[in-house]
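Number of protein chains: 2
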Amino acid sequence: MSDYINALQKKPVSRTPIWVMRQAGRYLPEYRATRKKAGDFLSLCKNPELACEVTMQPIDRFDLDAAILFSDILTIPDAMGLGLYFSEGEGPKFKHPIQNLKDIQNLPSNLNDDLTYVFDGVATIKKALNNRVPLIGFSGSPWTLATYMIEGGSSKTFAKTKAMLFNEPKALHLLLSKLADSVIYYLNQQILSGADSVMIFDTWGGVLSKQNYLDFSLDYMAKIITKVKAQHPNTPITLFSKNGGKQLNEIANTGCDGVGIDWTVELGEVERQIGSQVAIQGNLDPAVLYASPAVIEQEVKKVLAQFKGNTGHIFNLGHGITPDVDPENMQVLVEAVHKFGAK
Amino acid sequence: MSDYINALQKKPVSRTPIWVMRQAGRYLPEYRATRKKAGDFLSLCKNPELACEVTMQPIDRFDLDAAILFSDILTIPDAMGLGLYFSEGEGPKFKHPIQNLKDIQNLPSNLNDDLTYVFDGVATIKKALNNRVPLIGFSGSPWTLATYMIEGGSSKTFAKTKAMLFNEPKALHLLLSKLADSVIYYLNQQILSGADSVMIFDTWGGVLSKQNYLDFSLDYMAKIITKVKAQHPNTPITLFSKNGGKQLNEIANTGCDGVGIDWTVELGEVERQIGSQVAIQGNLDPAVLYASPAVIEQEVKKVLAQFKGNTGHIFNLGHGITPDVDPENMQVLVEAVHKFGAK
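Sequence lines, in order, name chains A and B. According to this note's numbering, the first sequence is numbered sequentially starting from 222. According to this note's numbering, the second sequence is numbered sequentially starting from 222.
Rather than coming from a laboratory, the hints here were simulated on the basis of the structure. This structure is a prediction, so every number in the text was calculated from the model and none was measured. Careful: at least some of the hints might be erroneous.
A pair holds if it fits inside one copy or across any two, identical chains being indistinguishable in the list.
Said to hold, decoys possible - Below, a list of computed lysine-lysine pairs in the DSS-like style, where the Cα atoms sit at most 30 Å apart:
| no. | residue 1 | residue 2 |
| --- | --- | --- |
| 1 | K523 | K377 |
| 2 | K444 | K323 |
| 3 | K448 | K231 |
| 4 | K467 | K381 |
| 5 | K431 | K348 |
| 6 | K232 | K267 |
| 7 | K560 | K391 |
| 8 | K314 | K381 |
| 9 | K323 | K564 |
| 10 | K323 | K267 |
| 11 | K399 | K463 |
| 12 | K316 | K522 |
| 13 | K431 | K267 |
| 14 | K258 | K377 |
| 15 | K381 | K463 |
| 16 | K522 | K564 |
| 17 | K444 | K258 |
| 18 | K523 | K467 |
| 19 | K448 | K377 |
| 20 | K522 | K431 |
| 21 | K257 | K564 |
| 22 | K377 | K267 |
All chains, please: the whole structure from these sequences, using the hints.
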């Protein structure tokens, strides 16, 4: 097995594995070329061949230990009929956001045909990878998907979603429950199509109070993990709650194999807290990639030095790589992790 | 003395005091009227009479336990000559952002005349308050000010500031050191003009890793606290690092009297951790104000129930009140805190 899967299962590794969130992305000129060919971002996501092409680009360029499906976290709400689109510079938007309980009750539960392009993408990538490195599938968390569906796009205050949370908690729970069922189907199907591991991105769990995070985000992720594990007990699952550093014990208790952490918590602290239970993914500040090669090496060493185990660490940034990073610096990062990481 | 000052000094209170960040703000129709009269936001900040008028508005309307100087956190960089302006919907901007070490070396150290309008504002408000409630002065933290000065405005990734942090740490330390000296002068002068308490807002400390937070943000705030305390030992100082919930012990050890917390950490947890050392300000999720009066009362009770001491709690939101909140709901909040809080 690969070092990436071994690290997630806390088995011995030949070296500290590394992959980088958004490793297939705008910082790569070859990505920008493929995206131009596709027309726009969503057309790129919905074309299995082109999605495969961009997924492979960082694997061909760098010595990475895992590939991750190129897709968007909002494919499920799009398949539910909310009409996903991207307006330049403003992020994702929905033509038909959720406004009330009736909208939630009317959401379709069978998304089979509408997500075929994702599963075709996974199969296409798996074939192209030819077992060079494992393939990671993923989904947004129910809470994170719900925020976009209710706000109609990105938000700073999450006013509409939180108004529903406080005023109509049952309506929100119904939405989250429907989303959890869809995510279970979605991840199971990605695994059946060839994903070796899956990850749940809870981008907005960190905007909730602790109790609301447990009730409206983590509980649904725990349910997803239980159900996916029931079908695919050997497929490792990683959970990443951005800004979730204060709820680590609860996250580790969901039954996930790996926990993603951002750079605002100390990797060594996290290892002491939950490292005996789960693997830990992270946590270099993505802004380190704006620094000189010498500083990148030094900061990589600092992160590596915090981790005391021989396995159970998957090196990553604490958040996605930013579009204005020089690809040469990504090269420096990957080489530094292999040079100074566990052997 | 007032309940607000007593709570900060952990002396007995007649009731749990409450004030609300941005209590003088856009959610109030009378604020919008005064701002229209002033022309724009910066003209409002720079006019002591109008700044006094909006500071007093929430005090006249609600039964609040403290007033806070109406001003902007970027007055110091503006006085340093960076040319602060506000473009509608985009937040603060600087005409002349900091680009290199030379820009930092050239910053003026004597800001006396350029900040007179702030000190005049404090004196005007103090007189208008006529001891009804104490007056809180404030400043942005050096790190927070530096991010705006280097980025030229708001940022999501803080790319330029962090590039300087990693590549030219000495240049950034020089900037932070100059800013700390200015903040010391600024807060001392506000106290001499009538502020009964001061607060340091570290809006962006939470985007740093722990060690960088300690080195580039907290150290400078600790220095400010030491120096201001040396001049004004009886004036309580509150420190608020947004997303600082992971560094509570270090924050409490700066010598501050109160620690502001956001809603993503549990008030009861925070009290157990640092409540014997300092007073705690917070921490209702501002989004609760989108809920119905019954839910607002219920959520206020939850926050109050977590705090076990008889004093040392200043009720507040975990972040500023948002512009689209109904003022009636602010009324419900203030009444609920007085109805259900400590007696």
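Quick rundown of the hints versus the structure:
Taking the shortest alpha-carbon separations for K523 and K377, only the inter-copy value of 24 Å comes in at or below 30 Å, while the best intra-copy value is 32 Å. Taking the shortest alpha-carbon separations for K444 and K323, only the intra-copy value of 24 Å comes in at or below 30 Å, while the best inter-copy value is 56 Å. In the homo-oligomer, the alpha carbons of K448 and K231 lie at most 30 Å apart inside one protomer (22 Å), although the nearest pairing across protomers, at 50 Å, exceeds that limit. For a Cα distance limit of 30 Å, the shortest separation of K467 from K381 qualifies both inside one copy, at 25 Å, and across copies, at 28 Å.
Taking CA atoms no more than 30 Å apart as the test, K431 paired with K348 passes in neither setting, with 42 Å inside one copy and 42 Å between copies. Proximity of K232 to K267 under the C-alpha cut-off of 30 Å is found in neither arrangement, the shortest distances being 36 Å within a copy and 63 Å between copies. With identical chains, the CA atoms of K560 and K391 are at most 30 Å apart between copies only, with a shortest distance of 28 Å across copies and 52 Å within one. With identical chains, the CA atoms of K314 and K381 are at most 30 Å apart both within one copy (15 Å) and between copies (29 Å).
For the identical chains of this complex, K323 and K564 are neighbours neither inside a copy (56 Å) nor across copies (45 Å), given an alpha-carbon limit of 30 Å. Proximity of K323 and K267 under a CA criterion of 30 Å is satisfied intra-copy only: 29 Å inside one chain copy versus 50 Å between copies. For the identical chains of this complex, K399 and K463 are intra-copy neighbours only, at 23 Å inside a copy versus 33 Å across copies, given an alpha-carbon limit of 30 Å. For a Cα distance limit of 30 Å, the shortest separation of K316 from K522 qualifies neither inside one copy, at 46 Å, nor across copies, at 38 Å.
Taking the closest pair of Cα atoms, K431 and K267 never come within 30 Å of each other, the shortest separation being 36 Å inside a single copy and 40 Å across copies. Taking identical chains as interchangeable, the C-alpha atoms of K258 and K377 lie at most 30 Å apart only when they sit on different chains, with a minimum of 29 Å there against 33 Å within one chain. With identical chains, the CA atoms of K381 and K463 are at most 30 Å apart both within one copy (20 Å) and between copies (22 Å). In this assembly of identical chains, K522 and K564 lie within 30 Å of each other by CA distance solely inside one copy; the values are 14 Å within and 54 Å between copies.
In the homo-oligomer, the alpha carbons of K444 and K258 never lie at most 30 Å apart, since the shortest distance is 39 Å inside one protomer and 55 Å across protomers. With identical chains, the CA atoms of K523 and K467 are at most 30 Å apart both within one copy (22 Å) and between copies (19 Å). In this assembly of identical chains, K448 and K377 lie within 30 Å of each other by CA distance neither inside one copy nor across copies; the values are 32 Å within and 36 Å between. In the homo-oligomer, the alpha carbons of K522 and K431 lie at most 30 Å apart only across protomers (16 Å), although the nearest pairing inside one protomer, at 33 Å, exceeds that limit.
For the homomeric pair K257 and K564, neither the shortest alpha-carbon distance inside one copy (40 Å) nor that between copies (65 Å) is at most 30 Å. Taking the shortest alpha-carbon separations for K377 and K267, both the intra-copy value of 28 Å and the inter-copy value of 28 Å come in at or below 30 Å.
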